[in-house]
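Got chain L; can you put chains U and E on it based on the hints?
Residue numbers (our numbering), protein chains in the order written: chain L, 4 to 199; chain U, 1112 to 1607; chain E, 233 to 436.
Incorrect hints may appear among the rest.
DSBU-like, lysine-lysine: derived pairs with alpha carbons at most 30 Å apart [unchecked claim]: (1) Lys1583/U to Lys1285/U; (2) Lys264/E to Lys72/L; (3) Lys109/L to Lys40/L; (4) Lys1603/U to Lys1116/U; (5) Lys178/L to Lys404/E; (6) Lys361/E to Lys77/L; (7) Lys1607/U to Lys361/E; (8) Lys361/E to Lys1513/U; (9) Lys122/L to Lys308/E; (10) Lys1317/U to Lys308/E; (11) Lys295/E to Lys278/E; (12) Lys1116/U to Lys1171/U; (13) Lys1603/U to Lys1583/U; (14) Lys1147/U to Lys1252/U; (15) Lys308/E to Lys274/E; (16) Lys151/L to Lys295/E; (17) Lys151/L to Lys308/E; (18) Lys195/L to Lys394/E; (19) Lys72/L to Lys361/E; (20) Lys1116/U to Lys1278/U; (21) Lys1285/U to Lys1344/U; (22) Lys394/E to Lys178/L; (23) Lys278/E to Lys361/E; (24) Lys77/L to Lys308/E; (25) Lys404/E to Lys151/L; (26) Lys281/E to Lys1317/U; (27) Lys1603/U to Lys1140/U.
Examples of chain L residues toward chain U, derived with CB under 8 Å [unchecked claim]: (28) Val166; (29) Gln170; (30) Arg171.
Residues from chain U that keep clear of chain E, each with C-beta distances beyond 10 Å, as calculated [to be verified]: (31) Gly1145; (32) Lys1147; (33) Arg1321; (34) His1350; (35) Pro1386; (36) Gln1397; (37) His1424; (38) Phe1457; (39) Asn1463; (40) Glu1505.
FYI, nobody ran anything at the bench for these hints, they're computed from the structure. The beta carbon of each residue, even a glycine, is placed where N, CA and C say it ideally should be.
Each chain is listed here by its residues.
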Amino acid sequence: MANTNGDKYALTALFPIRGGDENHYEQLRSYLRNLDKDPLGSPLSRVSIVHMARFAIIDNLIYQGLPAKRDRLKSRYLLFMCDFDGTGLDPLIGAMSSQMGDVVDKVWEHCVAYPGRAKRDLLTAYFERCQLTTTLFFCDQPEAEVSKILRGLMAKRAFAQFVEDNQRQPRAGLKQRFEALWQDLCDRPAPKPGSM
Amino acid sequence: MLDFKDIQGNILLGYRSFWKARFLYFKFKTGPEGAKLGRNFLTALLDQRLITPADWGKNKPDAATNVAISMAGLRALQLNSETLASFPGDFQEGMRARADDLGDIGESHPEKWDQPWRSNDVHLLLMCYSGEPNILNSRCKDLEDLAAGMLDQLQPSQDAGKLVIGKQAVPSPKEHFGFDDGLSNPDVENARDGTSDADVGNLDSKGNFREVPVGEFLLGHRGEGGEVAPMPKPPLLVHNGTFLVMRKLQQEVVRFRQYLKEEAERMMKVPGCLPDKVAGDVCKVQEYLAAKMMGRWKDGSPVDLYPDAPAGHQTNAFSYHGDEDGARCPLGAHVRRANPRDSLGFAGQIVNRRRMLRRGITYGEFLPEDASPTSQEAQAERGIMFLSLNASIERQFEFIQKQWMNFGEEFKQGDDGDPITGTRFGDGHMVGAVGPKRGACDAKGRMVIQGDQRTGRIPYVCSQLPNFVITKGGEYFFMPSMTGLVLLASGKVSTK
Amino acid sequence: MSNFARNEYGLGKAVTFNVITPMSRAGTRLVKVLLTIFDWRKQTQKTAKELSFLPFVHWVVIKRDEFPHLVPEQPKEELNYDYLFFLSTFNGPWGPYIDAFADVLYEPLDTVWFWSHGYPFARPVSRLKAYIDHNQVESDHAYSAYPGASVRDVRAALALYKQLNEFAAQTKNLDEAQFDREYNRLLIRTQNMLGTFGTHPETD
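For reference, chain L alone in the conformation it holds in the complex:
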């Protein structure tokens, strides 16, 4: 199925947003629009398997003009798209629930039938009910996990600087300097998601 490509999982899901008099829709949109105030760009940065993700509220279906017919939605939907390392939903739900549980509550409490986080199975089942099958999943790097990409980027930045610096230095000691650089790159933890 197209939900996967290599070692990547593509989640596309539509969550009906609660109606009624409590302005769930307005509150949700305003909450989502402020999520990027996080220094790492998003609370999703706490979930280390996520490559990219987005939220979009589907307010209505856009009319194409005659001869098309007018489609009107009876609910608004929260579109959640997430590309992550894995072969199934559960690890993502588990990580989101534990690493950004407050945010999960604040987003999904505005959605119909959100079961809360207390029971992980219920939460996973809820996501599965709202999941759409991704018909075609295009992915540039189906194999590389987030930490590998971040580690690569860190090495790229460091080595580029190394090349530039060492060009101006005598060759004597180059081997030692390179080995020190490489050791340091191996010892350092991968950069935090969202930091680069």
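For chains U and E alone, kept in the frame of chain L given last:
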């Protein structure tokens, strides 16, 4: 066929022999009365046949004048709101408003621009050209006298002209950094002037050059991909017209020469980064470095064909096929960015819609090579009045400026910008990438001169590149056809 | 700007792009088959990969009765069309790039979107742009784990890491002179992987 009597001069065919130019700037007076006076001025220009079309007729004039109007100018002429709103967003906003996107920050920030560019007051631009300084003077005086009372002239006017270098009798094709300029313009469909022309067009799927459809440079005609560029309304006003990008680009010649000198010395200390023929000779290393940054040698020969030494061969008939890694011409070299030809794959389809006609002309005096960096003449202002013509400013000029000059992504150079004209954001890194936000232009960029697998020559990283080119002003203009001018002068532009 | 992933230093290179268009039943069946073939045969994705500005793209066909209905109190949708969700990520603003997209990929684009109501064909591109403008849905939040890195930056980073890893292992026992020679070769192999990257500060 194209109606060359309707299209203004200097668009499809450049003024080769008119090597002296002056740009006169005007502001329309305010209110309905100002608009009326503005129209009267346009009427007078037309009545006195002062605007030069592409077709000169039987007799070549001794001077030429062309006219262009900014968005503020069209507003001051009080065109109807539907017409005004139909112009593209880039033109409506004007160059100052797009400074961030264009990399006009730091030293190039609009607050630091020269007059008359510090506001959006340049409504009407008259571009005067001649081969004779005296004739140019009298033509400009005639135009200024004609405008007096009808328009407010903005000072200073801008003198420009091809450089006279040393004791040469003929004006030089060089720009201030010493490179032969204006070598590469697109070969435009139906616009051949019958002279032997070195211009080449876009590449076709077989790797042959073909002419570029005229719709890339004139409104109302078929462009690349069967596209007609978005047309403001009404068609009569804009057909055969085009958009003109004018930029006053100051060239920091002392800085450039100093950089070459110092970087060449540093390069010579790095074993294996220079070809043997070049390595021992400091002058040659400087020449080599400059050529690798530019993508052409100073004499105009392409670095891709002549990677190690100039050859006096000013050809345009080359592609980057076989040099995918930049061993001959660096991937980030200026001319390879400005027109990547087949560098980006897809049989050139990625670059086809990014061509411009360039009619730039230098201003200021050429600084002799032996001049002291602290001398008065070294401090004098010099640069190039960058003029480019395109059917869509956003798709052509702005794309090139933003994606190709100030960014290196498509050339595998990451965020590293053009070594000659790029705006430096950080010391090799984008400013924000490495630390807290800093002043945008205090730091410097870098460029990789790729090595060569076959000879074992190693790559060299040019670092600490300062800004060599600083924007000092500019605006987006609409250059109407003769018909469009008549319509503007009549005050009867209507979309009804 | 909620279409852009970002971090505290500025805007990232990944911009999200969502287009939702209505399709007839017949179209839906065909599009599903087409997309499934494109998904299964990765060879068909070669051109899109070569364009090198798409990290992730989802094409999702959702039938008129497939909008999630969770509880009886939630009204059931009664729709006239099925919908094609095109959820893409670009490096760079989509406007200028859509030309490239249309020129290079117009055949598959036309094949897939032909079945959507009002689709104008990919060329000439200005009508396609208008169609996209009409049907685009802005993201309310976008995230990338590496916002400052483009597809090319990521490719270069992975390739470079591999090179460095191998180099470190292979040169361990070399003397200085031998190491120098190998280092020179490494420089040539990695010279186009060294470009700078990062998020871009927003101007005030």
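A quick look at each hint next to the structure:
no., hint, verdict
1, Lys1583/U to Lys1285/U, "holds (21 Å)"
2, Lys264/E to Lys72/L, "holds (22 Å)"
3, Lys109/L to Lys40/L, "holds (15 Å)"
4, Lys1603/U to Lys1116/U, "holds (22 Å)"
5, Lys178/L to Lys404/E, "holds (9 Å)"
6, Lys361/E to Lys77/L, "holds (29 Å)"
7, Lys1607/U to Lys361/E, "holds (26 Å)"
8, Lys361/E to Lys1513/U, "holds (20 Å)"
9, Lys122/L to Lys308/E, "holds (27 Å)"
10, Lys1317/U to Lys308/E, "violated (56 Å)"
11, Lys295/E to Lys278/E, "holds (28 Å)"
12, Lys1116/U to Lys1171/U, "holds (14 Å)"
13, Lys1603/U to Lys1583/U, "violated (36 Å)"
14, Lys1147/U to Lys1252/U, "holds (23 Å)"
15, Lys308/E to Lys274/E, "violated (37 Å)"
16, Lys151/L to Lys295/E, "violated (37 Å)"
17, Lys151/L to Lys308/E, "violated (44 Å)"
18, Lys195/L to Lys394/E, "holds (21 Å)"
19, Lys72/L to Lys361/E, "holds (22 Å)"
20, Lys1116/U to Lys1278/U, "violated (39 Å)"
21, Lys1285/U to Lys1344/U, "violated (40 Å)"
22, Lys394/E to Lys178/L, "holds (18 Å)"
23, Lys278/E to Lys361/E, "holds (24 Å)"
24, Lys77/L to Lys308/E, "holds (7 Å)"
25, Lys404/E to Lys151/L, "holds (23 Å)"
26, Lys281/E to Lys1317/U, "holds (22 Å)"
27, Lys1603/U to Lys1140/U, "holds (19 Å)"
28, Val166, "holds (6 Å)"
29, Gln170, "holds (6 Å)"
30, Arg171, "holds (7 Å)"
31, Gly1145, "holds (34 Å)"
32, Lys1147, "holds (36 Å)"
33, Arg1321, "holds (15 Å)"
34, His1350, "holds (17 Å)"
35, Pro1386, "holds (14 Å)"
36, Gln1397, "holds (22 Å)"
37, His1424, "holds (27 Å)"
38, Phe1457, "violated (5 Å)"
39, Asn1463, "violated (7 Å)"
40, Glu1505, "violated (7 Å)"
Of the numbered hints listed earlier, those contradicted by the structure are 10, 13, 15, 16, 17, 20, 21, 38, 39, 40.
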